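Peer 1: Sequence:
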Amino acid sequence: MVYSSPTYANDVVYVGSWDGKMYAIDALTGEEIWHFSTGDPIFSSPAVAKGIVYFGSLDHSIYAVGQPPDSPPVADFTANETFGLVPMTVQFTDSSTGQGLSYQWDFGDGTANSTEQNPVHTYTVGGTYDVTLTVGNNAGSSTLWKEGYITAMEPMPPIGGDPAYFMIHSNVDGAEVYFNGDWYAGTIENGTLLVETCTTCTPVWMYTVKKCGYFSLTQENDVFPGKDQTVHLYANLTAPKEPLIADFSANVTEASAPPLHVRFLGSHVGIAESWNWSFGDGTYSEEEEPAHTYTEFGNYTVSLTLSNSACQEDTMVKEDFIRIAEKPPFAAGFTLSSSGGPVPFSVRCTDSSSGNPTRIVYDFGDGFMVMGPDSSHTYRSAGTYTITQTVAKFDPATRSTLKSTATKQVEVFKVFPLGPLAGFSASPVTGSAPLTVTFTDESLGDPTFFIYNTGDGFRLMGANPTYTYRTPGIYTVTQKVMKIDPISRQILSDVLVKENLIHVTAG
1 MVYSSPTYAN DVVYVGSWDG KMYAIDALTG EEIWHFSTGD PIFSSPAVAK GIVYFGSLDH
61 SIYAVGQPPD SPPVADFTAN ETFGLVPMTV QFTDSSTGQG LSYQWDFGDG TANSTEQNPV
121 HTYTVGGTYD VTLTVGNNAG SSTLWKEGYI TAMEPMPPIG GDPAYFMIHS NVDGAEVYFN
181 GDWYAGTIEN GTLLVETCTT CTPVWMYTVK KCGYFSLTQE NDVFPGKDQT VHLYANLTAP
241 KEPLIADFSA NVTEASAPPL HVRFLGSHVG IAESWNWSFG DGTYSEEEEP AHTYTEFGNY
301 TVSLTLSNSA CQEDTMVKED FIRIAEKPPF AAGFTLSSSG GPVPFSVRCT DSSSGNPTRI
361 VYDFGDGFMV MGPDSSHTYR SAGTYTITQT VAKFDPATRS TLKSTATKQV EVFKVFPLGP
421 LAGFSASPVT GSAPLTVTFT DESLGDPTFF IYNTGDGFRL MGANPTYTYR TPGIYTVTQK
481 VMKIDPISRQ ILSDVLVKEN LIHVTAG
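When the letters of the sequence shown are read in order and numbered with my numbering, they come out as residues 1 to 507.
Bear in mind the hints are in silico, worked out from the structure with no lab data behind them. Treat the numbers as computed from the prediction; the structure is a model and nothing was measured. Please note that the accuracy of each hint is not assured.
Distance ranges between label pairs, derived from CB positions [claimed, not checked]:
1) Glu296 / Glu189: 19 to 25 Å
2) Ala325 / Leu418: 42 to 48 Å
3) Trp183 / Pro243: 42 to 48 Å
4) Thr122 / Thr438: 40 to 46 Å
5) Leu85 / Gly110: 18 to 24 Å
6) Glu319 / Asn251: 15 to 21 Å
7) Thr386 / Cys212: 46 to 52 Å
8) Gly473 / Thr122: 45 to 51 Å
9) Thr122 / Ser338: 45 to 51 Å
Listed below are the simulated EDC-like cross-link pairs for lysine to aspartate or glutamate, each with C-alpha atoms no more than 20 Å apart in a straight line [what the hints assert, rightly or not]:
10) Lys318 / Glu296
11) Lys498 / Asp456
12) Lys146 / Asp94
13) Lys393 / Asp374
14) Lys318 / Asp366
15) Lys50 / Asp11
Where is the CB? At the ideal position from N, CA and C, for every residue including glycine.
Please work from the sequences and hints to get the whole structure.
Peer 2: Here it is in structure tokens:
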């Protein structure tokens with residue numbers, strides 16, 4: 001029995017019925033395309049706008065049924081590495097938001113572009129390259145340009161000649177020295193280690209000095225000896241100032257049903273350099289603050305083992321840390337793809353409600369609402385937002401509408417990369433040749449890489465190097481500090497020049 005007037009749109013007739021169903025019928029063939037059940041008779045005539053059918057039911061509810069049009073996409077991407085030697089192979093990973101996307105990549109080196117979602121590209125010529133990604137769908141397009149995103153370096157050619165030497169100086173005897181990562185060069189004795197090489201040998205791009213009880217130190221090198229020359233390298237090892245004590249927390253530890261998405265957060269004492277997580281369900285991670293999804297009911301014991309290059313190690317075990325229990329017969333529930341992040345922040349809500357609700361609505365707290373069990377939304381302003389899920393269904397036994405709500409919060413923030421600020425002092429700054437000067441780093445912003453230009457053609461690596469001036473003169477000293485911003489992956493740097501800092505007189 002039909003009481004409502006039908007509505008015609010795009011060759012489809014929509015009509016409600018006494019049986020509590022809204023029908024969509026092909027106007028050309030008369031065949032049913034789909035129907036939607038409300039549980040109570042439908043008297044109102046439906047309205048259609050932008051592919052959504054709106055109608056009311058005797059259960060005192062208004063329904064919106066259909067697939068909304070595509071929303072405009074937002075381009076975003078990452079790379080597995082942004083700095084290295086040519087040939088440099090980079091895996092680009094798309095993290096754009098939007099449905100039905102097409103892709104256009106420009107790798108910045110003049111080679112052919114790519115239309116893959118997650119392309120792999122090899123840079124064969126040294127340089128700094130911009131990378132651009134354009135994504136599009138029926139609702140529009142979006143372009144993201146990352147300036148200077150990839151830095152590829154050419155290897156330095158051998159100098160030529162025969163024997164050459166490196167002299168490694170360290171404050172710790174018994175420390176082992178490694179060149180270019182894994183080539184063992186020897187052990188420090190009486191503060192030094194002389195290593196013979198050759199001018200046509202593989203250049204020493206970096207050196208590592210390590211010993212248990214001290215933090216391993218790896219420094220880059222860009223000074224190479226000529227024939228019968230000796231390049232001095234300096235490594236000042238530091239010992240841990242406190243014990244390493246593992247501890248951790250999580251953004252959520254309980255749920256009424258799987259899947260449960262958990263972000264684990266470290267809160268240890270001391271300096272950790274490696275992380276080993278056991279999630280209690282047979283899976284593991286070596287990330288510092290991993291995310292993990294539990295897919296089954298039960299209680300899970302989580303453990304974290306921390307270690308560092310000073311041979312410190314500690315383990316924290318928390319029994320039944322994650323608990324997933326049965327939930328009530330009819331209840332709202334959902335999980336988030338993430339609990340927060342920088343603007344623009346995209347979140348996906350996945351329904352985990354129980355009791356088979358017939359209507360699910362998400363209110364994202366910024367004026368945007370979506371119907372459907374699994375919904376996505378992008379926040380474009382910083383703030384704290386409460387996401388509310390409302391579920392409902394008609395209960396024939398009580399002739400009433402059952403409703404339940406669940407809420408979760410997300411934090412959206414702006415990120416401003418802060419670069420380091422160069423600063424140093426020298427002592428002494430005057431004296432007769434040979435004059436040994438110690439440079440002391442006073443920079444701000446936690447730089448991780450230091451270069452000193454001594455003013456007489458030499459460059460020193462490390463935060464607090466020592467150098468001997470052997471020729472009388474007045475020297476200008478320059479310090480350059482650098483670090484990589486963990487969010488933008490940009491190399492941030494600063495330079496300080498102190499003119500006429502060192503005065504060396506004849507002995």
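Peer 1: Can you name, in rising order, the numbers of the hints this structure does not satisfy?
Peer 2: 1, 3, 9, 14
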